[in-house]
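Undergrad: Line order of the protein sequences matches chains A and B.
According to the numbering used here, the first sequence is numbered sequentially starting from 1.
According to the numbering used here, the second sequence is numbered sequentially starting from 382.
Simulated from the structure, these hints should not be mistaken for lab results.
Where hints are given, some of them may not hold.
[Claimed, not checked] In silico lysine to any residue, SDA-like type, Cα no more than 25 Å apart, as pairs:
#  : chain 1 : residue 1 : chain 2 : residue 2
1  : B       : LYS427    : A       : ALA202
2  : B       : LYS427    : A       : GLU236
3  : A       : LYS378    : A       : ALA265
4  : A       : LYS183    : A       : ALA211
5  : B       : LYS408    : A       : ALA375
6  : A       : LYS378    : A       : GLU30
7  : B       : LYS435    : A       : ALA202
8  : B       : LYS408    : A       : GLY193
9  : B       : LYS435    : A       : PRO241
10 : B       : LYS427    : A       : PRO207
11 : A       : LYS366    : A       : ASP57
12 : B       : LYS435    : B       : ARG455
13 : B       : LYS435    : A       : GLU236
Nothing here was measured: the structure is a model prediction, and the numbers come from that model.
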Amino acid sequence: MPKRLVIVGAGTGGLMVANFVARDLHSEIERGEIGITLLGEQETYIYQPGYLYVVFDLMRPAQLMRPVRELLAPGIRFVHDRATRIDTGKRQVLRSDGDALDYDVLVLATGSGLNLDEVPGLREGGHWFYTLAGALRLRDALRRWHGGKLVLTVGVPHKCPVAPLEFTMMFEQWTRQRKVRDKTEIVYTYPLGRAHSIQAVADWVAPEFEARNIAIETFYNLESVDHEKRVAHSLEGTDLPYDLLVSVPAHQGDELGAASHLSGAGNWYPTDRHNLRVQGHDDIFTLGDATDLPISKAGSVAHFEAEVLADNLVGVLTEGAQPTSQYNGRAFCFIETGLERATFLSFDYEHPPTVPEPTNAVHWFKQTYNRIHWANLKAVM
Amino acid sequence: MDLAPLRIDARGSFCPGPMMELIRAVKGADVGQVVVVLSTDSGSKKDIPMWAQKAGHEFLGVDEHGDYDEISVRKAH
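Bound-form chain B, shown alone:
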């Protein structure tokens, strides 16, 4: 059964920031579930793939929407 993606609107979040919101969501997600974070923080595009690789989750990519990005990660374990 496909799980619906979790979408986190972290636009305008400087503290704790989009990546903290993503980690929080991934911890609470089911294995296999996709977490999508909406971010206006330019650093997220670089940090989130690095974290996903180190933590062993699957980085799915970035959709750029002008003034914000949608960054997707699938929980792997």
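If we strip away everything but chain A, and leave its shape as in the complex, we get:
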């Protein structure tokens, strides 16, 4: 009987873990000693950071998509279905088609999704760029943009914490390119008392936005949207009229966690911050957006976690070893500061980030990464 690794979720974290482990254990897989199954709800992988470029007509949706099966290392079995519940007693993943997958070790890479219903009126009155459909709708709104007041709001928690800054700065330069900057008012709001949760970023953003005539409204947590009057209300009592409301909606974990009694508030899995075990379950691990760790929900985090988790899974599967590799909170985030320059943040649990001077070179590095991300997913880079 082979040792069975089941990975639920075929996003960045799930694919990377599957590919890292399959490449390390290809001999064991060929000999039938190890079996790897990846269960994914979608047959097409979408590179989500690309949505930001779709909005400004800088990338086409087809450039962001690849069939999941084309991204898998040899030896991985892909099952296209949704997991409905984990039976931790029987060590089974129950599927929507009624079948079950038996596991010895389970990885939950179920990601995060938008919670659009938390804010009444947001669905009717707002735009967002965190789904492909949302990005296309916002792209169409921008194609019709001839000036007015744009208000950007930020929900808690949300994926890719620098994306609201990127959108704002890209939009500002985009309006200049289209000769409508003088007819455009931009208001960037943020839930905290400064423009970003990272102090170094907030210190950099404040003068940058002032120089670009972008208004900053702090302590602004969107509570409701009056889509008929076009006014955004905050729980702190500030009302902002808008012509275009772009919201980064709050995110939540997948329902699978709640259905399986494995997740806590927000449907996030309680996670050991170093070995990525779901707390209380020696045979279940998690990574990426799905964890409750106080770190960025970002592709780079899923990547660095996947490297650590794969190291540990190889030991667990082949020797029954305890996890020894530790995730250190590492994250790396590009920040587009317009349409021609970018900077980046690099940090971990012990070392806060600084903000290097934005350059054209970093912008092109990001553009290159957007086109070679596939090699990273395949665990060959």
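Since chain A is already given, all that's left is putting chain B on it; use the hints.
TA: Structure of chain B alone, referenced to chain A:
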């Protein structure tokens, strides 16, 4: 009935940061419930009372533990 406090370990959190974790927890808490956030970020001691005042929640105080702080807020509405 007293509700058990929600404790959030945000030590080492630079992004999204302890205050984001606190806001997230307060939104999900019951009215009257206390949310305690553990923070190594020195700015939290200043930012969290300001946010609690602006959002109309009750700031309960800071317990300093050497290399980290425990900051408490009661959800008021």
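Undergrad: Against each hint, give a clear statement of whether it holds in the structure.
TA: Cross-check of the supplied hints:
1. Proximity of LYS427 (chain B) to ALA202 (chain A) is assessed by CA-CA distance (about 15 Å); at most 25 Å being required, the pair is judged to hold.
2. Pair hint LYS427 (chain B) plus GLU236 (chain A) holds up; C-alpha atoms about 18 Å apart against a cutoff of 25 Å.
3. This hinted pair does not check out: LYS378 (chain A) and ALA265 (chain A) have alpha carbons roughly 33 Å apart, beyond 25 Å.
4. Between the alpha carbons of LYS183 (chain A) and ALA211 (chain A) the distance comes to roughly 17 Å, so the proposed pair stays at or under 25 Å and holds.
5. Distance check on the hinted pair: LYS408 (chain B) and ALA375 (chain A) sit about 39 Å apart at the alpha-carbon level, beyond 25 Å; violated.
6. Our distance criterion of 25 Å between C-alpha atoms is met by LYS378 (chain A) and GLU30 (chain A), whose separation comes to about 19 Å.
7. Taking the CA atoms of LYS435 (chain B) and ALA202 (chain A), the gap is about 20 Å. The hint holds against a cut of 25 Å.
8. As the CA atoms of LYS408 (chain B) and GLY193 (chain A) are separated by approximately 17 Å, the hinted pair is consistent with the 25 Å bound.
9. Taken as a hint, the LYS435 (chain B) and PRO241 (chain A) pair is honoured in the structure, with Cα atoms around 20 Å apart against an allowance of 25 Å.
10. Between the alpha carbons of LYS427 (chain B) and PRO207 (chain A) the distance comes to roughly 21 Å, so the proposed pair stays at or under 25 Å and holds.
11. Taking the CA atoms of LYS366 (chain A) and ASP57 (chain A), the gap is about 17 Å. The hint holds against a cut of 25 Å.
12. For the suggested pair LYS435 (chain B) and ARG455 (chain B), the alpha carbons sit about 14 Å apart, so the restraint of at most 25 Å is met.
13. Proposed proximity of LYS435 (chain B) and GLU236 (chain A) is supported: the alpha carbons are some 6 Å apart, at most 25 Å.
Consistency note: the structure conflicts with the earlier hints numbered 3, 5.
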